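Novice: Given chain A, work out where chain B should sit, using these hints.
Top to bottom, those sequences are chains A and B.
Under this note's numbering, think of the first position of the first sequence as 1, with each following residue one higher.
Under this note's numbering, think of the first position of the second sequence as 1001, with each following residue one higher.
Be aware that one or more of the hints could be misleading.
Computed list of lysine to any residue pairs in SDA-like fashion (alpha-carbon distance at most 20 Å, straight line) [stated by the list, open to error]:
1. A:168 - A:118
2. B:1014 - A:110
3. B:1014 - A:105
4. A:271 - A:211
5. B:1014 - A:129
6. B:1014 - A:109
7. B:1014 - A:106
8. B:1014 - A:93
9. A:168 - A:179
10. B:1217 - B:1046
11. B:1014 - A:127
12. B:1014 - A:100
13. A:180 - A:214
14. B:1014 - A:104
15. A:135 - B:1085
16. A:135 - B:1084
17. A:180 - A:119
18. B:1014 - A:103
19. A:180 - A:200
20. B:1014 - A:92
21. B:1014 - A:97
22. B:1014 - A:90
23. B:1014 - B:1024
24. A:271 - A:252
25. A:168 - A:180
26. B:1014 - A:130
27. B:1014 - A:88
28. B:1014 - A:87
29. A:135 - B:1083
30. B:1014 - A:96
31. B:1014 - A:89
32. A:135 - B:1086
33. A:135 - A:161
34. A:168 - A:195
Incomplete in silico selection of chain B near chain A, CB under 7 Å [said to hold, decoys possible]:
35. 1011
36. 1022
37. 1084
38. 1085
39. 1086
40. 1088
Read the hints as simulated data drawn from the structure, not as lab findings.
As the structure is a computational prediction, the values presented were derived from the model and not from experiment.
Using N, Cα and C, we set each Cβ at its ideal position, and we do this for glycine too.
If you want the building blocks of each chain, they are given just below.
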Amino acid sequence: MIRIENLTKTFGRNTVVDNLSFNVERGEVLGFLGPNGAGKSTTMRMITGFLPPTFGRVSVGGHYVVSEPLAAKRLIGYLPESAASYGDMTVNGFLSFVAELRGISGDARRRAVNRVVDLCFLENVLYQSIDTLSKGYRHRTCLAQALIHDPEVLIMDEPTDGLDPNQKHEVRNLIREMGKTKAVIFSTHILEEVDAACTRAIIIDRGRIVANGTPGELKAMSEAAGAVTLAARGVDAALVANKLGELPDVARCEAIPAAGPDAVRAYPRDKTAAPLLARAVIEMAERENWRIEQLRTEEGQLDEVFRKLTLPDTVKK
Amino acid sequence: MNPQSLANIWAIAKRETVSYFGSPVAYVFLVIFLLLTGFFTFTVGNFFERGEASLASFFTWHPWLYLVLVPAVGMRLWSEERRSGTIELLLTMPVNAWEAIFGKFLASWFFLAIGLALTFPVVLTVNWLGDPDNGQIFTGYLGSFFLAGAYLSIAGLTSALTRNQVVAFILAVVVCLFLILAGFNPVTDMLTRWANPAVIETVAAFSVMTHFDGFQKGVIDSRDLLFFLSVTGFALFATALVIRNRRS
Chain A
1 MIRIENLTKT FGRNTVVDNL SFNVERGEVL GFLGPNGAGK STTMRMITGF
51 LPPTFGRVSV GGHYVVSEPL AAKRLIGYLP ESAASYGDMT VNGFLSFVAE
101 LRGISGDARR RAVNRVVDLC FLENVLYQSI DTLSKGYRHR TCLAQALIHD
151 PEVLIMDEPT DGLDPNQKHE VRNLIREMGK TKAVIFSTHI LEEVDAACTR
201 AIIIDRGRIV ANGTPGELKA MSEAAGAVTL AARGVDAALV ANKLGELPDV
251 ARCEAIPAAG PDAVRAYPRD KTAAPLLARA VIEMAERENW RIEQLRTEEG
301 QLDEVFRKLT LPDTVKK
Chain B
1001 MNPQSLANIW AIAKRETVSY FGSPVAYVFL VIFLLLTGFF TFTVGNFFER
1051 GEASLASFFT WHPWLYLVLV PAVGMRLWSE ERRSGTIELL LTMPVNAWEA
1101 IFGKFLASWF FLAIGLALTF PVVLTVNWLG DPDNGQIFTG YLGSFFLAGA
1151 YLSIAGLTSA LTRNQVVAFI LAVVVCLFLI LAGFNPVTDM LTRWANPAVI
1201 ETVAAFSVMT HFDGFQKGVI DSRDLLFFLS VTGFALFATA LVIRNRRS
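Looking at chain A on its own, in the form it has when it is part of the complex (with noise of 0.2 Å):
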C-alpha cells in the first residue's frame, strides 16, 4: 500500500532523513519510532505529499506522491504532529470543511461527519470553537479530520500526544481496529504504544533505520532477552548467582536488586536456548531445594533496546 524508495531529505548541509526504505501493506499497523529529531515527523510529511523529497520516492495505492499527488492524497488520512485545525470554526465547521475538500456533498456528508463524531467522542463539543476546547479535544477533532472519509492509509504523528490515560487507551484500540482493514503508520515516543497497538515498528536514528521488526522481535534485541530471573525465598541472592554460574548454558549471572531481594538473573550463552535455560533452572533448584517465589523468563525491555539503538556512540557504553 505504502512503498518508500531510498527517501532523503536535506535541509542544507543536513540529512535529516537518510536513504529509508520500507513497505507498510494493508492489515499492518506500523510504529515509527526513534528519539527528537530523529527525522519521524520529516518522513510523514513526504509521505502525505507535504514535503518534496530530496531524494527517492514514495508511493501510496500505486499512486507516487510527487507525480500524482491528488490521487494519492486522496487515499491518504494525516494528523499532523501539531494536530492543527482551524480555531475560529466550530468542531461541526471544520469537519464538514475537510468533507468538502475531500469531495464528500450531501447527506455522505452529514454522515461522515457523524462517524467520526462518534468515533472520537466529539458529541459534547460539536458546536464549540475550537480555541475554546481542551488540548484532548482539539487532538481528538483532528484526528476525526483525518478519518472523515475513511482513509485506506492512515498517517498520524504522536497520535496519543498530550491525551489523558483513558484517552490515550481509546486512541489505542482505534489505532489497532483501523489497522485491521487499512495501512496504517503513527510515531510515538511511548514505547508501550508499540506492544498496546503495532504489528510491526521501525526504530530510526539520525535518518537511518536502525530496527524494523515486530514488537516480539525489536525486544528479542534487548540484552535481558532469553534470560531467567530467579527468586528463592531465604537464599542468598550471591549463592544463587555463585549455583546458577555453574550451569553450562548460563554466561554470567547478576543478583537485580529491582526485581525483589533475592531476585538472580542467568543469562544464556546462547538465545535460542533460552527455553532448555530455564528447565536447568527449575532443575538446579529442586536440587538445591530452593524455595522458588519467582521465576520467569524475559521477553526483553523496549526502552533498553531503543537506548542501544539510538543513544550516540559517544554516550554508549
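Specialist: Only chain B this time, still in chain A's reference frame:
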C-alpha cells in the same frame, strides 16, 4: 477547470469568508474604511466646496487608504496558516495549491468588495445633490475594485513569505507604496531633473496611479485593465512558487 477544482475553491473561499466575519478584524476594517473614506471625501477632499457633481474627491484617496487597509486584510491569509500549522493540513488535502491560493484571494477580495459596496451612500448623496455621470462613477468603482485586488494579491504574497503577520503587513505596505510612488506626480517631477523621459515613462507605467486615473476619467482602457490583472496574476503566481518552496 474541472468541477472538483471549482468545488475546492468554493469550499476554501467560503471558509475564509466565514472566518473573516467571525473575527473582529472584519468589523474594525469596515468601520474604519467607511469613516476614513467619509472623512477624506468630505473634509480633506472638499466635496462640497468643489461644486461639481462627481466622486473625484472620493476616489482620489483610495490608493492611499488601501495602502494601509488592504495589507491589514491580506496579511493573515497565509502567515496565519503557517503560524498555526494548518497549512500542513490544507496542503495534504487533495487540493492543488493554486486552488487554495485562488480561493483565499477571492474570499478576501469579496470582503473588500463588501467594504466598497457599503460606500453607496456617497453615490446617493451626489445623485441627490446634482446630476453626476454615473458611468464615470461606475468605472471609478471598477478601478477601485481592481486596485484593491492588486494590493491584496501583493499582501497575500508577502503573507506567504513569513509566519509573522506584522512583517507581512510592513512588506506589503512597502511594495504597494512603491507601486504608488512610481507614478506619483511629486516623485516623477523630481526624477525629471536627472532621468530621461523614457525612463520616467517606464517607471511610471508600473505605477497604480497612472492606471487608476484612467478609470477615474470614466474610461475602461484595456491597458489599465491588463495592468491590474497582470499585477494580480503575477503576485498570485509568485505566491504559488513561495508556497511550493517554503513549506516548513
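Novice: The structure should be examined with respect to each hint, and the outcome stated for every one.
Specialist: The hints, checked one at a time:
1. Note on residue 168 of chain A and residue 118 of chain A: the hinted pairing holds, with a Cα-Cα distance of about 16 Å set against a maximum of 20 Å.
2. Note on residue 1014 of chain B and residue 110 of chain A: the hinted pairing holds, with a Cα-Cα distance of about 18 Å set against a maximum of 20 Å.
3. Among the hinted pairs, residue 1014 of chain B with residue 105 of chain A is consistent with the structure: their alpha-carbon atoms are about 15 Å apart, no more than 20 Å.
4. Between residue 271 of chain A and residue 211 of chain A, the direct Cα distance comes to roughly 18 Å. Compliance with the 20 Å bound is thereby established for this hinted pair.
5. Under the criterion of a C-alpha separation no larger than 20 Å, the hint pairing residue 1014 of chain B with residue 129 of chain A is consistent with the structure, at around 17 Å.
6. Note on residue 1014 of chain B and residue 109 of chain A: the hinted pairing holds, with a Cα-Cα distance of about 16 Å set against a maximum of 20 Å.
7. About 16 Å separates the Cα atoms of residue 1014 of chain B and residue 106 of chain A, which keeps this hinted pair within 20 Å; it holds.
8. The hinted pair formed by residue 1014 of chain B and residue 93 of chain A meets the criterion: a straight-line CA distance of about 11 Å does not exceed 20 Å.
9. Pair hint residue 168 of chain A plus residue 179 of chain A holds up; C-alpha atoms about 16 Å apart against a cutoff of 20 Å.
10. Taking the CA atoms of residue 1217 of chain B and residue 1046 of chain B, the gap is about 19 Å. The hint holds against a cut of 20 Å.
11. Between residue 1014 of chain B and residue 127 of chain A, the direct Cα distance comes to roughly 18 Å. Compliance with the 20 Å bound is thereby established for this hinted pair.
12. Only pairs whose Cα atoms come within 20 Å are accepted, and residue 1014 of chain B paired with residue 100 of chain A is accepted, the gap being roughly 11 Å.
13. Proximity of residue 180 of chain A to residue 214 of chain A is assessed by CA-CA distance (about 16 Å); at most 20 Å being required, the pair is judged to hold.
14. For the suggested pair residue 1014 of chain B and residue 104 of chain A, the alpha carbons sit about 16 Å apart, so the restraint of at most 20 Å is met.
15. Taking the CA atoms of residue 135 of chain A and residue 1085 of chain B, the gap is near 15 Å; set against the 20 Å cutoff, the hint holds.
16. Between residue 135 of chain A and residue 1084 of chain B the alpha-carbon distance is near 14 Å, which keeps this suggested pair within the 20 Å criterion.
17. Our distance criterion of 20 Å between C-alpha atoms is met by residue 180 of chain A and residue 119 of chain A, whose separation comes to about 16 Å.
18. Under the criterion of a C-alpha separation no larger than 20 Å, the hint pairing residue 1014 of chain B with residue 103 of chain A is consistent with the structure, at around 15 Å.
19. Distance hint between residue 180 of chain A and residue 200 of chain A is fulfilled; the C-alpha atoms sit about 13 Å from each other, no more than 20 Å.
20. Taken as a hint, the residue 1014 of chain B and residue 92 of chain A pair is honoured in the structure, with Cα atoms around 15 Å apart against an allowance of 20 Å.
21. For the proposed pair residue 1014 of chain B and residue 97 of chain A, the alpha carbon gap of about 9 Å is at most 20 Å, so the pair holds.
22. A distance of roughly 14 Å separates the Cα atoms of residue 1014 of chain B and residue 90 of chain A; the hinted pair therefore holds under the 20 Å criterion.
23. A hinted pair counts as satisfied when its Cα atoms are at most 20 Å apart, and residue 1014 of chain B with residue 1024 of chain B qualifies at roughly 18 Å.
24. For the proposed pair residue 271 of chain A and residue 252 of chain A, the alpha carbon gap of about 13 Å is at most 20 Å, so the pair holds.
25. A hinted pair counts as satisfied when its Cα atoms are at most 20 Å apart, and residue 168 of chain A with residue 180 of chain A qualifies at roughly 19 Å.
26. For a cut-off of 20 Å, the pair hint linking residue 1014 of chain B to residue 130 of chain A stands: about 18 Å separates their Cα positions.
27. Restraint check for residue 1014 of chain B and residue 88 of chain A: satisfied, since their Cα atoms lie roughly 14 Å apart, inside the 20 Å limit.
28. A distance of roughly 16 Å separates the Cα atoms of residue 1014 of chain B and residue 87 of chain A; the hinted pair therefore holds under the 20 Å criterion.
29. Note on residue 135 of chain A and residue 1083 of chain B: the hinted pairing holds, with a Cα-Cα distance of about 17 Å set against a maximum of 20 Å.
30. Using a Cα cut-off of 20 Å, the hinted pair residue 1014 of chain B and residue 96 of chain A holds, with the two alpha carbons roughly 12 Å apart.
31. Note on residue 1014 of chain B and residue 89 of chain A: the hinted pairing holds, with a Cα-Cα distance of about 12 Å set against a maximum of 20 Å.
32. As the CA atoms of residue 135 of chain A and residue 1086 of chain B are separated by approximately 16 Å, the hinted pair is consistent with the 20 Å bound.
33. For the proposed pair residue 135 of chain A and residue 161 of chain A, the alpha carbon gap of about 10 Å is at most 20 Å, so the pair holds.
34. The straight-line distance between the Cα atoms of residue 168 of chain A and residue 195 of chain A is roughly 13 Å, inside the 20 Å bound, and the hint therefore holds.
35. Checking residue 1011 of chain B against chain A: minimum C-beta separation of about 4 Å stays under 7 Å; hint holds.
36. A cut of 7 Å between beta carbons decides the hint on residue 1022 of chain B: the least distance to chain A is about 5 Å, and the hint holds.
37. Because the smallest distance between the Cβ of residue 1084 of chain B and any Cβ of chain A comes to about 5 Å, under 7 Å, the interface hint for this residue holds.
38. The interface hint given for residue 1085 of chain B is met, as the beta carbon of that residue sits about 3 Å from the closest beta carbon of chain A, less than 7 Å.
39. For residue 1086 of chain B, the suggested interface contact is upheld, since its CB lies about 5 Å from the closest CB of chain A, less than 7 Å.
40. At a threshold of 7 Å, the smallest CB-CB gap from residue 1088 of chain B to chain A is about 5 Å, leaving the interface hint in force.
The structure agrees with every numbered hint stated previously.
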